[in-house]
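**Student:** So the sequences go chain by chain: V and A.
The numbering of the first sequence is our numbering, which starts it at 1163 and goes up by one.
The numbering of the second sequence is our numbering, which starts it at 1163 and goes up by one.
Think of the hints as simulated: they come from the structure by calculation, not from any bench.
Treat the hints loosely; a few may be bogus.
Just so you know, same-sequence chains aren't split out, so a pair can sit in one copy or run between any two.
[Unchecked claim] Calculated cross-link-like contacts (lysine-lysine; reagent style DSS-like; alpha-carbon spacing at most 27 Å):
1) Lys1718 / Lys1670
2) Lys1622 / Lys1338
3) Lys1370 / Lys1246
4) Lys1272 / Lys1395
5) Lys1681 / Lys1312
6) Lys1718 / Lys1312
7) Lys1311 / Lys1395
8) Lys1542 / Lys1217
9) Lys1718 / Lys1309
10) Lys1217 / Lys1718
11) Lys1688 / Lys1217
12) Lys1718 / Lys1338
13) Lys1671 / Lys1343
14) Lys1458 / Lys1670
15) Lys1170 / Lys1664
16) Lys1217 / Lys1710
2 protein chains.
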Amino acid sequence: MSEAVGSKEKRFAIGLDFGTNSVRALIVDVEDGTEVGTYVYPYPSGQEGILLDPKDPNLARQNPADYVQGLYESIRGALAEASKHPEFRPERVIGIGVDTTGSTPIPVDKQGQPIAFQEEFRDNLAAQAWLWKDHTSYAEAAEITEKAKKMRTGYLAKCGGTYSSEWYWSKILHCKRTAPKVFRAAYAWVELADWIPAYLAGNLDPTKLVRGICPAGHKAMYHESWGGLPSAKFLASLDPDLVPLRERFAMPAVPADHPAGRLAPEVAERLGLPAGIPIAVGAFDAHTGAVGAGIKPGTLVKIIGTSTCDMMVVPMKEKLPDIPGLCGIVPGSIVPGMYGLEAGQSAVGDIFNWFVRYLTPAEYTTGGDPHTLLSEAAAKLQPGESGLLALDWNNGNRTILVDPLLTGLLVGQTLLTTAPEVYRALIEATAFGALTIIRRFEEYGIQVREVINCGGIAEKNPLVMQIYADVCNRPMKLSRSSQTCALGAAIFGAVVGGAYRKTEQAQKKMTGVKPIVYKPDRKAAKVYAELYQLYQTLHDAFGTQGWKGTLYHVMKDLIAIRNRQRLGK
Amino acid sequence: MSEAVGSKEKRFAIGLDFGTNSVRALIVDVEDGTEVGTYVYPYPSGQEGILLDPKDPNLARQNPADYVQGLYESIRGALAEASKHPEFRPERVIGIGVDTTGSTPIPVDKQGQPIAFQEEFRDNLAAQAWLWKDHTSYAEAAEITEKAKKMRTGYLAKCGGTYSSEWYWSKILHCKRTAPKVFRAAYAWVELADWIPAYLAGNLDPTKLVRGICPAGHKAMYHESWGGLPSAKFLASLDPDLVPLRERFAMPAVPADHPAGRLAPEVAERLGLPAGIPIAVGAFDAHTGAVGAGIKPGTLVKIIGTSTCDMMVVPMKEKLPDIPGLCGIVPGSIVPGMYGLEAGQSAVGDIFNWFVRYLTPAEYTTGGDPHTLLSEAAAKLQPGESGLLALDWNNGNRTILVDPLLTGLLVGQTLLTTAPEVYRALIEATAFGALTIIRRFEEYGIQVREVINCGGIAEKNPLVMQIYADVCNRPMKLSRSSQTCALGAAIFGAVVGGAYRKTEQAQKKMTGVKPIVYKPDRKAAKVYAELYQLYQTLHDAFGTQGWKGTLYHVMKDLIAIRNRQRLGK
């Protein structure tokens, strides 16, 4: 085989993206981001990869064996596809980047192996990976928040003022309290985002494996200004048994443009790749997604999946206020060298999936994809025509209220309310939630000059995007790649592989937006502005302490808007 | 054929019951209420007999031709069944009683024929019968309430302080305003409950046909203390064109133990009955249902169907306060000689039907009756276990708030909330509504010493009855007859036919309760007492002006109760 004269030898990077229900491998050309191979492996355990407890809707765990299996299957699958590309060779892979959900900590033994791999703990839910959306630790989260405030640690300033039940220390503390045997068996707790690069690099020793700034900074209260992890004194005040875990955590945590090691020979062999390929430090899926979507100052990237992450970056030279209710502000967590700001909604696609799974009649679940059928019917409705209004809190509220002890709400039902009407109201509720986040950014001086959306829902559901444009009254753009998280991971693979010196340079070459832009409809935006007032009323009434107001007008206003939209009166 | 020596010749009465979706005829032995023949004729027009407007959930009309057809079909069907009884003969029918839904006024011409029978108006929704649950006239109802208050008429004291959009004058005024051509074509407006006896008696002249106290007193603001119908001055203040309607209304209105006439020969012939049988004055289905269920002082009769009516009677010699929020207090409207008190919920079975029709997944709509399948699954849940709480206002609120501009509300949804959980929450919401009515009666000194339930849902759904017993913390009894409304109508047939001098005497002989009694479960009642507090909070927050309070605790409390009930913690 001969190459064209004068052409530079092509180089490739692999992005490995561990999502909520599956793992995806993506192989891209580092020159321009062209995707040459991809493969998705759905996790086989539990319900769509999630281990549930029917008695406790807060519980969500994952089988760590699914991750290992998925790593091999997905990379091998992507390599098989890439092998059809005339210029691809496994030897031309210059780097591997990794992203995962999080905070998804795994209890591991002294060798760094998940204790779930031990026969004794195989079926123990507490011994599995604690998936990001596990909310069992809400009491511990409240306790951590309270103690951090009381001891004037300042730790909460970077995570919106409230520590979350979705995060590292809450989960570990809840395990100690409710599954002490598992806690005792765990030598350390490692974020999935750190564990995968360590596994690839053959360096699982939990006291040595490289920890990423993204998981540490967003979820483990890691910040340079207080010397890394929270103090031993603070952790001891929660439980003295947390202190050794701190000591087994290798500091400093570093951004994803740093190497975590090189591909270990035994892993390389099983994958069909040369050993020694640089592995980037892991980051969260949303953060690499933002990178893959082309995040830059002024650009809000929304990753819309089962939940959303809403991300912005601010150059470190700018003065940045602490923003109450934001999940995290971490230097270098998205683009190295910039503050990474993370907000989000605890459930978006999950709410639509819940509705389809549990409350959608046969009319929309047979003869086609339920989401498509419901969306087609819902698209025929005018804003406000259903008279319905919902809150998007079926899985709690992550940004602004930072409270998992919230639930869904639907108001406005008549005796003729249909499934597409409810479905649309749920979409609108998530749009109102999205707007609330944008407003919070701007209240604190961070202008949102552009919104780029990515994730399956953004790509597949034009109704959702149009409603977001109308509710937020801004154009909605789409990321060019439909595999943004994996692309972002591959970008870090390209950087650690030496193709670029800086992440921004790689982004400029390897990312972009689609030609289609959803523009706000003026009339719809006007109706939604009215409905958003009512959403805010319900948001504040049910979500905040000390709220004072009235609700008598809510049903009346919804009926009035409904009549105006439906009957034109 | 010979009769046993010494046996008195048996006598029979017919009860004719025009419900929301069908008409039922029932033939009973006047001695003990034994049912010897029955037949149900579902109205053929519209959706389950109701003409709807997909653009306006408030609209509900009926085709008057269905009533006439149903009258013949149902009586002939019941006679066919009764003919198998050895002692039944058409000549032994001594009286016919009639009950219907209401307020269901029909615009009629000078001869008393529905104008919908005219070619020109056949497909005009405004020319049909305006079914009780039509709420299009909410603006007119508000106007009538306001004017009645302003002019200090006192008219509202007997109907809970608020005139309803479901009632006679609201509907007529709305027709004038929105369908003036229909209004002009109508010489008079006759309640279905008055029209049917007049039809049977061959006396449709609207200026002469006998009007019942039950429809007039409950829906047309008729009361002896102000000389019958509202004054011409008052009506003129709403619209001068209402005044002639008042003049065409034969006063006084009388109770159902009075005759409306005798069976006209031409009708008798088509029915296969002798002419001249006495016809009782018509009453509303709920009121004859209460009679057929054995209502007496201290006994609350609940007719649970698409909506509910909750009725009590108080001897006229007792001093009775005006009770705010009650639909009506009318002398003789239920049992002649006693005050009839009517309360109710605008939707009960309709809410369950709505859920089954629009939001129930295939799992529960195939392989069996959806209500049965959902109830079976819902029965396995503990009170509070779902974390859900609903308001029962999908069709507005009839008693206490008297407000059609209210809607349903559901709070507490997670990502795992199931259809049976929502179904149970909706049942519980109607139970909380039922309790709210009981409390209102008792607040005003009318002790509820016994609750007798009737209607299809009470008979067919043990889960509903058990939840009602647990929520209300009182035993729930069932009427012996499953055709209580028709039985009550037959009782009036028996009275006008001369079998009894007084209605109470007929009730003692012809009615009774079933052996089964649903007793409250102490533990469940305790949980429901907590949930009822939250229901009250939502009820007052969304339903009353000037409410002051907080809602922050609502979702938290529901989650706490859910966790306690589900996880035992």
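**Student:** Hints first: check each against the structure and report whether it holds.
**Tutor:** Verification of the hints:
1. Lys1718 / Lys1670: neither (51 Å within a copy, 47 Å between copies)
2. Lys1622 / Lys1338: neither (42 Å within a copy, 50 Å between copies)
3. Lys1370 / Lys1246: neither (39 Å within a copy, 93 Å between copies)
4. Lys1272 / Lys1395: within (24 Å within a copy, 93 Å between copies)
5. Lys1681 / Lys1312: neither (47 Å within a copy, 51 Å between copies)
6. Lys1718 / Lys1312: between (44 Å within a copy, 23 Å between copies)
7. Lys1311 / Lys1395: within (14 Å within a copy, 70 Å between copies)
8. Lys1542 / Lys1217: between (38 Å within a copy, 13 Å between copies)
9. Lys1718 / Lys1309: between (43 Å within a copy, 21 Å between copies)
10. Lys1217 / Lys1718: For lysine 1217 and lysine 1718, the Cα distance is within 27 Å only across copies (18 Å; inside one copy 37 Å).
11. Lys1688 / Lys1217: between (43 Å within a copy, 22 Å between copies)
12. Lys1718 / Lys1338: Classified as between: cross-chain Cα gap 24 Å, same-chain 49 Å, threshold 27 Å.
13. Lys1671 / Lys1343: Neither: 50 Å inside a chain and 71 Å across chains, both beyond 27 Å.
14. Lys1458 / Lys1670: The answer is within: 10 Å in one copy meets 27 Å, while 84 Å across copies does not.
15. Lys1170 / Lys1664: within (21 Å within a copy, 108 Å between copies)
16. Lys1217 / Lys1710: Neither: 35 Å inside a copy, 36 Å across copies.
Checked against the numbered hints given earlier, this structure breaks hints 1, 2, 3, 5, 13 and 16; the rest are met.
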